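*Asks:* From first to last, the protein sequence lines stand for chains A and B. The first sequence begins at 527 in the working numbering and counts up one residue at a time. The second sequence begins at 527 in the working numbering and counts up one residue at a time.
Derived from the structure by calculation, the hints contain no laboratory data. One thing to keep in mind: the hints can contain errors.
No copy labels: a pair is met if it fits in one copy or bridges any two.
Lysine-lysine pairs mimicking DSBU-like chemistry, simulated, CA-CA at most 35 Å apart [as the list claims (entries may be wrong)]: (1) Lys710 with Lys659; (2) Lys659 with Lys880; (3) Lys785 with Lys927; (4) Lys1027 with Lys927; (5) Lys880 with Lys927; (6) Lys770 with Lys785; (7) Lys589 with Lys652; (8) Lys652 with Lys710; (9) Lys785 with Lys652; (10) Lys1027 with Lys563; (11) Lys1027 with Lys659; (12) Lys574 with Lys785; (13) Lys927 with Lys770; (14) Lys652 with Lys927; (15) Lys574 with Lys770; (16) Lys1032 with Lys880; (17) Lys1032 with Lys563; (18) Lys652 with Lys770; (19) Lys1032 with Lys710; (20) Lys574 with Lys880; (21) Lys1032 with Lys589.
These numbers come from a predicted model, not from an experiment.
2 protein chains.
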Amino acid sequence: MSSQDAGLPQPVATIDGGFWQRYQVLVRDAVIPYQWKAMNDEIPGAPKSHSVENFRIASGATKGAYEGMVFQDSDLAKWLEAAGNVLGVSRPEEQRELRAHVEEAVDLICRAQQPDGYVNTYFTVKDPAGRWKNLREAHEMYCAGHLIEAGVSLFRGAANRRILDVCCRLADHLEARFGHGPGKVPGYCGHEEIELALVKLARVTGEPRYLRLAQYFVDERGRSPSYFEQESSAPGFTPIFGIKSLPYYQAHQPVRQQKDAVGHAVRAVYLYSAMADLAGESGEAELTAACDRLWESITTRKMYITGGIGASAHLESFGADYDLPNDIAYAETCAAIGLFLFSSRMARLHDQAKYADVMEQTLYNGIISGIGLDGVSYFYVNPLEVVPAVCDANGSYRHVKYRRQPWYGCACCPPNIARTLSSVGEHVYHRRGDTLFADLYHEGTVSLMVGRRPLRLRQSTRYPWEGTVRFQPLDDAEAELTLALRIPGWSRGQELRLNGKPISSKTGGDGYARIRRRWTVSDVLELSLPLTVERVHADPRVRADYGKVALQRGPLVYCLEEADNGASLSQVALAPDARLEAVERPDLLGGIVTVKARGLHGAHGEEGGRADLYTRSSGKPAALAARDLLFIPYFAWANRAAGEMSVWITERGART
Amino acid sequence: MSSQDAGLPQPVATIDGGFWQRYQVLVRDAVIPYQWKAMNDEIPGAPKSHSVENFRIASGATKGAYEGMVFQDSDLAKWLEAAGNVLGVSRPEEQRELRAHVEEAVDLICRAQQPDGYVNTYFTVKDPAGRWKNLREAHEMYCAGHLIEAGVSLFRGAANRRILDVCCRLADHLEARFGHGPGKVPGYCGHEEIELALVKLARVTGEPRYLRLAQYFVDERGRSPSYFEQESSAPGFTPIFGIKSLPYYQAHQPVRQQKDAVGHAVRAVYLYSAMADLAGESGEAELTAACDRLWESITTRKMYITGGIGASAHLESFGADYDLPNDIAYAETCAAIGLFLFSSRMARLHDQAKYADVMEQTLYNGIISGIGLDGVSYFYVNPLEVVPAVCDANGSYRHVKYRRQPWYGCACCPPNIARTLSSVGEHVYHRRGDTLFADLYHEGTVSLMVGRRPLRLRQSTRYPWEGTVRFQPLDDAEAELTLALRIPGWSRGQELRLNGKPISSKTGGDGYARIRRRWTVSDVLELSLPLTVERVHADPRVRADYGKVALQRGPLVYCLEEADNGASLSQVALAPDARLEAVERPDLLGGIVTVKARGLHGAHGEEGGRADLYTRSSGKPAALAARDLLFIPYFAWANRAAGEMSVWITERGART
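Construct the complete structure from the given sequences, taking the supplied hints into account.
*Replies:* Okay, structure coming up:
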């Protein structure tokens, strides 16, 4: 039995206005062309990618040596996935140049594929004898997984059958090699990704073998004796990164026994995403329970308010529970993306709004913080507090950048953002039976079969700047459909009106307000979410946030930047009862809603004389001076002059 | 002209009671025997030192391969320096075993010395061709410097002429090789130490060549073109650590131009110590001004309240101004020792009490925090906040230990503490002309020539537990002597009595209260420093301490430990007006004064149910529960069960 309607295609929304359209246009017009240049090593001053060049060499089109990280192929694959997404929603006249680039890349990939189906330029060009000998570190299946995701996207978005065939032959090659049984190797990849990719491939091709292979990889992981330990003692094993920790790879115990999210954060959430996919396919209670535990582990103990995860720069890993330092944070963009993907799958597994709440939290904050408003500058690491002088002088902060970067030597994040932003429409709704769950609010249209007839449903909203979301059918429905609207966890006092008349917005406990009806074109369903500026406090066990407050309005987390507030933000304080005023600023940072407040600022040491670093005092708190504060959405930081930034603000003093 | 009375021997106090006697006995009876075993690789379960074994191999006594860090020789040298200090103050019947160990080590060193005077087991045993080819990284002169310091100590403490001769031949070898002029190499060492050692050697031998060589090394450092850059481009250069940054070595500009303390903290303060020595010898204004700037750079912008310096684990370096994180702190024990040495020299250069204030601050806090009460367990890194679970799970904290260690692969700190604790008597007083400056308070006696007759002056005190310090001459003085008593910067309301009658304790601006008199055996001078528990606040630019308070009583900084206060110390708050009560506890941690207070504790998330990591609130601060708090001196932490520790406590709430 399947706990999901696996047979029912999940609805994909178009995006034709509002907040996400801006990103959709940015991806199409700026991100995709820029990243194609980057992958062709044509960005002056940026670290070279070599991604396309490696494929040229592997395909025999040119001679040369492999360059870049061992997983460099995946950058091109993620870009192709984004390209597939863009081609799927753009008009033919917008597609010409992109189609040419895609064809060029697909040609190279086809020609780089080996007769046995293997595709990987590192091992084809640089180390043919090393193939499949270091599953722990070589990222071969990670690259394969991204190629498969690209293939699925290009097939769906551009009807590209050639690349899907490459992917099927690659998957067949994996199936022939890995698993239990005669002649097969009981291995799995050190960087999870192939698992969720094979589920996608199974769904688009209808081929159950790919689903079974994904299930094998998930089931085998962490069994004892450890495949990784056996592999690394075998002759011919060549370490690449030399990381032996099994928890780093989520390979310390079978996945169904895992209780805490540990190790490399991106790997973890990619694995958990596949686990949720497979739990949805099979309905297996034990795997579902593991997904539930791991999702709770992350979201109740290991997640920044921005949805960022993976607190530690050391091995890009989760830290301890409640260990969420703001200034030495890692919070890799890819990890936030992975948590979005995991949460989207959990929403579809359980039909509970709390999962979509986290989708929204990651998407509006810790994911889009990774891309500049220009589309061509990026963050890999997403700190919640930055002091440039400290980053410059103290090597413990060397992973923290305060200027967006044109590219990275390890450039996993930029194309990952591109594919994510271009696929938001896939995550707006999910459906079970005759219920359509609205998980995200956006401007656009979804089309789904109700009975035997399509029903187009338009959603219009200025969300997240305004809280009114209007649903209007563009067709008369043939049958009844329940529309289940997510009431965000942060919402208080929301109102729901059908054709102007108030109706109940009670959610029953799953976080969705349901309206069942045979919809007609004259219906207007309007959800009003009051977007008040909220004070947020962290669990007091989060040391870094103790005694501090963050501001949130709707899904957007806010921050202070030096550009608006001067320096020494750590000395800013906000009284618990300070008035917080939302002010729309169409002129600022592409058009945002700011939050104005009257805050306080701690005095510096004595002016003019020798300031003592430590002073004895009588117990009277230091005098605080009033200061006007302007908060901007966190995602928009670092788009002006370099300077300090802080999300969490000391809470003290009285209203001024 | 010399700005110091270089000709006048600086007085050395005996220590025969009180706080420092405990350490003196500990060093003699526990530390020295244990460390001898450690250097002979006889501590089960501890990392091996190889220090003595390397000398055995280099001396030809045994065959084998060099093991350990490139600077492993320096560990034995520092131990020998401590041994010399101990031999100088212990009774003959206590000396037998130690003398035998010292003789054994000195024998090995004599035999390891090469015909040309060179001593270094790494290059003698492992890489004879590499000698002097990597001054930047090979620590050859650093090891030479420590050997010279050992030689001076053993000569002074045990009249060991053999080791002093080794040192002179080694110094002669250096003089022949380095400097300007025909056949000489214009180099200097990547890890400063030789400079201050040569000053010591010059003073004990009266040989001005050694002073000139020290001056050359200091003057040459940082000149352009860079010796280090030239050296590393030369044929035969083999990198050891591969660190190219010139600021790391304080070699980015000539020392007289340096304004900010930068780079590797230990190297920096060892250099600055030599600079202060040389400024004292020559009276040179420019070098003095550089010392002043660098000391202010550290103590007003880059020093923990414990006197710890070098905030960054990355390259063991200074961070930015006011960048003093408590939990990822490095604050190496050796660096605090170096700041003590630098400050002691500055006190003698300028006769200002602020320098001795920092001597005291480092000694009572960040230095002795590096050694367990048992004398045989150590800290290399001295954090001001520790959460064991975080250190275990987050690799960014991997340098922070919460259990004292039996030894280290890089064991610079343990023997450095041994030599420092056994030499406190050298730093108690300094003299200029007929003024004796009392820089530290302790139980013991100093003897100095006043006119043509010795005057013995006894100091008795229970400092730092009590604030009364009594001075009593044991002889009638032949002439007048000014006794200049340091009034600590933290002191308020101190009283001074001569033979029972109050006299002025005004200091005139240099921080010393002066009493000029022809002292007689019937005189009693009594200084009373009120030891109130003081609240200390950091400059608000110190982000990590903003909104927090630390407690200090006399020179001792206090902390909370989990053993006394339970866990989750980051949630503890202390009201600005909470009553703070000093309570003597002879039963606790070898006998300490604790501080009791009624504090507050932030509530955890909801019990029983799903605790939200982030909660929206109406602006009312979270409820705080009262909690009894017990503070202990920082130096005594981590002598019981492993647990949390915190120096800086959130300051909020009202008295309960």
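*Asks:* Are the hints correct? Go through all of them and say.
*Replies:* Hints and how they fare:
1. In this homomeric assembly, lysine 710 and lysine 659 come within 35 Å of each other (Cα to Cα) only inside a single copy, at 13 Å, whereas the closest approach across copies is 54 Å.
2. For the homomeric pair lysine 659 and lysine 880, neither the shortest alpha-carbon distance inside one copy (42 Å) nor that between copies (64 Å) is at most 35 Å.
3. For the homomeric pair lysine 785 and lysine 927, the shortest alpha-carbon distances inside one copy (33 Å) and between copies (26 Å) are both at most 35 Å.
4. In the homo-oligomer, the alpha carbons of lysine 1027 and lysine 927 never lie at most 35 Å apart, since the shortest distance is 51 Å inside one protomer and 64 Å across protomers.
5. With identical chains, the CA atoms of lysine 880 and lysine 927 are at most 35 Å apart within one copy only, with a shortest distance of 32 Å there and 38 Å across copies.
6. Proximity of lysine 770 and lysine 785 under a CA criterion of 35 Å is satisfied intra-copy only: 21 Å inside one chain copy versus 44 Å between copies.
7. In this homomeric assembly, lysine 589 and lysine 652 come within 35 Å of each other (Cα to Cα) only inside a single copy, at 12 Å, whereas the closest approach across copies is 44 Å.
8. In this homomeric assembly, lysine 652 and lysine 710 come within 35 Å of each other (Cα to Cα) only inside a single copy, at 25 Å, whereas the closest approach across copies is 49 Å.
9. Taking the shortest Cα distances, lysine 785 and lysine 652 never come within 35 Å of each other, neither inside one copy (39 Å) nor across copies (50 Å).
10. Taking the shortest alpha-carbon separations for lysine 1027 and lysine 563, neither the intra-copy value of 53 Å nor the inter-copy value of 86 Å comes in at or below 35 Å.
11. Taking the shortest Cα distances, lysine 1027 and lysine 659 never come within 35 Å of each other, neither inside one copy (66 Å) nor across copies (87 Å).
12. Proximity of lysine 574 and lysine 785 under a CA criterion of 35 Å is satisfied in neither setting, with 40 Å inside one chain copy and 38 Å between copies.
13. In this assembly of identical chains, lysine 927 and lysine 770 lie within 35 Å of each other by CA distance both inside one copy and across copies; the values are 28 Å within and 22 Å between.
14. Taking the closest pair of Cα atoms, lysine 652 and lysine 927 come within 35 Å of each other only inside a single copy of the chain (32 Å); across copies the shortest separation is 42 Å, beyond that limit.
15. In this homomeric assembly, lysine 574 and lysine 770 come within 35 Å of each other (Cα to Cα) both inside a single copy, at 29 Å, and across copies, at 24 Å.
16. In this assembly of identical chains, lysine 1032 and lysine 880 lie within 35 Å of each other by CA distance solely inside one copy; the values are 15 Å within and 68 Å between copies.
17. Taking the shortest Cα distances, lysine 1032 and lysine 563 never come within 35 Å of each other, neither inside one copy (50 Å) nor across copies (74 Å).
18. Taking the shortest alpha-carbon separations for lysine 652 and lysine 770, both the intra-copy value of 24 Å and the inter-copy value of 31 Å come in at or below 35 Å.
19. Taking the shortest alpha-carbon separations for lysine 1032 and lysine 710, neither the intra-copy value of 54 Å nor the inter-copy value of 88 Å comes in at or below 35 Å.
20. In this homomeric assembly, lysine 574 and lysine 880 never come within 35 Å of each other (Cα to Cα): the closest approach is 41 Å inside a single copy and 54 Å across copies.
21. Taking identical chains as interchangeable, the C-alpha atoms of lysine 1032 and lysine 589 are never at most 35 Å apart, the minima being 65 Å within one chain and 83 Å between chains.
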